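Fit chain B to the given chain A structure using the hints.
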Amino acid sequence: MTILSLTSIQKSFGDQTVLKGVDFTVNSGEVHALLGANGAGKSTLMKILSGDYEKDGGSITLNQKEQYFKTPADAKEAGIEMVVQEVDTALVPSLSIAENVTMNAFITGPAFFSWRKRNKRAEELLQRVGLKLDPSLPLSQCSLAEKQLVLIAKALSREISFIILDEPTAALSTKEADHLFSVLRDLQKQGVGIIYISHRLPEVMELSTKITVLKDGFVTLHKDTSSCSSEEIVRAMLGNELVELLNDEEERVLGNPLLDVNNFRVPTTNETLSFSIREGEIVGVAGLVGAGKTETARALFGADPSNDPVSIKGKKIRITSPQKAISAGIGFVPEERRKEGILVDFNVVENLTLPVLKQFTKFGFIQKKRERTEAEKWIKQLGIKTQKSTLLLNYLSGGNQQKTAIGKWLLNDGDIYIFDEPTKGIDVGAKQDVFRYIKELARNKKGILYFTSEIQELLAFCDRILVMYDGKIAGELSKEEATTEKIMHYATGGHYGTVRS
Amino acid sequence: MAQYVHKEQIEKENNRTKYTFQEKVFPFLYRYGTLIVILLTVIGFSLANDKFLSYQNFTDILRSVSIITLLAIGVTISLIVGGFDLSVGSTASLATVTSAASLVLYRQETIIAILIPIIIGLLVGLLNSFFVVKVRLPDLLATLAVMYIINGLHLTFTKGFSIYNNMPLTEGGTAPGVFLPSFLFIGQGEIISVPVPVIIMLIAVIVVHIILQQSRFGRLLYITGGNEEAARLSGVPVQRYKMYAYLLSAFFATLAGILLAARIGTGQVSAGAPLLMDGVAAAFIGFSVFGAGKPNVIGTFVGAVLIGILLNGLTMLNVPYYAQDIVKGSILIGALAFMYYDKKK
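Protein sequences appear in the order of chains A and B. Counted from 1, the first sequence has number 311 at position 311 by my numbering; the numbering is strictly sequential. Quick note, my numbering runs 501 ahead of the 1-based positions in the second sequence.
Pulled out of the complex, with its shape left as it was, chain A reads as follows (with noise of 0.2 Å):
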């Protein structure tokens, strides 16, 4: 029995701290689930036993022998392989299926090769994850499922201990994620050590014999699944403070129609969808990656804009780009946040006053003590922890980054403000802010669509949940009404609670 192990594992980047001494252990023929929000440290940690990332501190070992994986090669070598979560960056879509399956051996191997024993070798490989494909097919013809066996297979090529899945079943259709699982356990019987990243909790209590929990790049469990609670593993992954902040038990007071979308067609996802949103009510999106959400945001803001009309305080109005929907109050904070949300190359000041520039021009000239004013009472008002008002944004952690990201709506002040994934990768301090600043957004009679795929915050306190699948509205709970049963019934079109939990 081998037994791979990492000890107080430390990282950081920058300024922020991701790991903070992480221990980690797994024997050969177990699944050990690591768990954590978004954010957590999970990806990080292994993407550090997979040689991609140099550890800061601490130490990995196998059957107590120290490793030190400097490039994935080594990493490999010590038979530790990875299906990574984003399996078209591991594969090369215009080769055949063979060539990625049997990529290893080639890089390895001989100058020269023979076609005919490479595609035995492939059609071995592929039988062992249960794909009866013909190998010499191009992969850019797989689905997503089977691009992830391929993946599978490419690591079986070689003698490994261990594998690492990085959320697999993310999406995947029920049907498909069943096979996986009957894959992985396969693996298991044979003896291979199976490190299982998820988010989702019935099928980690059903596939896993161990479960690791990670919080802010802290163990906050460590347990055999048999004797785990789902609600033990919720407030591990949550917090305290984050399980009691999501209590939320104001009553909010419901104004006159705001928003009203009727049949509002989303051109990246060519579905047409209706829904209404009232002042001071918080209305939460859910959906999986993959069902439109992010699309339907980007439409709504003219991002990606719609022919079709919406109509803002019974107007009808076309936003047919970002400064139109920006003129009718509308803000968007975006997930992407490196990439939309703000700019990492500008000062705090300069990202904040961006929407309302204009406000601070005279003649054409920016009055730059007002506007530094200005937004240094917001920075205060906002919580942004920076050394000055100055510093590129860059140098800021992602929390403050987020808040900036939302900031710069509010000195707007809006109507209708869109949030897509806010809380992704910022810790717990941040996400209280980011609440704390929806709750009195909605206080103060603004509209407001939370879109997420965390379902414990939509929960918590939106007045009401759509919940999106396949680009169109799947249904619509109450807050009342609302379990995270019923969103994810509805999130996987019916599927989930029939089939896997």
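What the hints contain is simulated information worked out from the structure, not anything from laboratory work. Treat each hint with caution, since some may be false.
The calculated label-pair distances, taken between Cβ atoms and stated as ranges, are [claimed, not checked]:
#1 A:G383 to B:K795: 26 to 32 Å
#2 B:K635 to A:T272: 26 to 32 Å
#3 B:K635 to A:K445: 40 to 46 Å
#4 A:P93 to B:L818: 53 to 59 Å
#5 B:Y841 to A:R128: 43 to 49 Å
#6 B:T816 to A:D345: 36 to 42 Å
#7 A:D134 to B:F718: 58 to 64 Å
Quick caveat: nothing in here was measured; it's all calculated off a predicted structure. Quick reminder that beta carbons are idealized off the backbone N, C-alpha and C, glycines included.
Relative to the frame of chain A, chain B by itself:
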């Protein structure tokens, strides 16, 4: 709370590590490296040749720098919005030829000989922005294509000949017009013994600098280049700002072309081509001045001065012009190396 824990750790680490020699020297060089190089070259050349450090030579250098600077301002503005205008050289050539043709072939007044190239130049800018903004070609490729088109256009117009006073015409006789003294004044005149092109250059540098640093227009140009998608989602009309940038870029290239025509007194074909590379080099050297790390006009000006000093000094030392490119290239590499070294950290 998590975020405080790591803050203390970082502070502890900061106290622990003393800055190494390298960590101290590199940022200093990054900020002032270009200025030090200028100082050293000035000292070097004045030691090697006693005529180097004279007022006459000083104005000569600035006069030759003025055209490159104007062109480089155009390149700088295109770089600010995240683009790259390669067509400035040929736009300058076109301006040289059209202003000369207005004067010599069509007997126009000075003001017409200035306005016509500017209008044509702005059309080139529109063409560039059409390809970049509407057709969405990569900036480098679009402006490269436009560079070829404009080059061919001005050569076709002149049939490959330069335009000069009393030039013989194909249909017999000589050209009706001449380079008017008032036009030549732009390139050759002096006001209180300061050359006019230098005055124009300094005004352009100062005005553009103030606009870029202090105005909303300038801020939004930089924001557009900083992250186009984030800018768009914050309500910046990024496409319009990109168009403005290419229009300005063409405008300054045209200005450089007019100055060139006025200075040499002929409508030299392809005169702008060698200016392109000097202009691009000046703009990129400008990145490193005062450690700006981004395109800026003052830096561009310093870059152009550095190139001007090198050319002047090397010519005085009888280094052949083709060998001077080696020096130019090395300076550019040096400036870029410092910039990217710092960016990587």
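A quick look at each hint next to the structure:
1. A hinted range of 26 to 32 Å holds for the C-beta pair G383 of chain A and K795 of chain B, which are about 30 Å apart.
2. The beta-carbon spacing between K635 of chain B and T272 of chain A, approximately 29 Å, falls within the hinted interval of 26 to 32 Å.
3. The supplied range of 40 to 46 Å is met by K635 of chain B and K445 of chain A, whose beta-carbon atoms lie about 41 Å from each other.
4. In this structure the hint that P93 of chain A and L818 of chain B lie 53 to 59 Å apart at CB holds, the actual value being about 57 Å.
5. Between Y841 of chain B and R128 of chain A the beta carbons are some 46 Å apart, a value that agrees with the proposed interval 43 to 49 Å.
6. In this structure the supplied range 36 to 42 Å holds for T816 of chain B paired with D345 of chain A, their Cβ-Cβ distance being about 39 Å.
7. At roughly 59 Å, the beta carbons of D134 of chain A and F718 of chain B sit within the given window of 58 to 64 Å.
Violation of the numbered hints given earlier is absent; every hint is satisfied by the structure.
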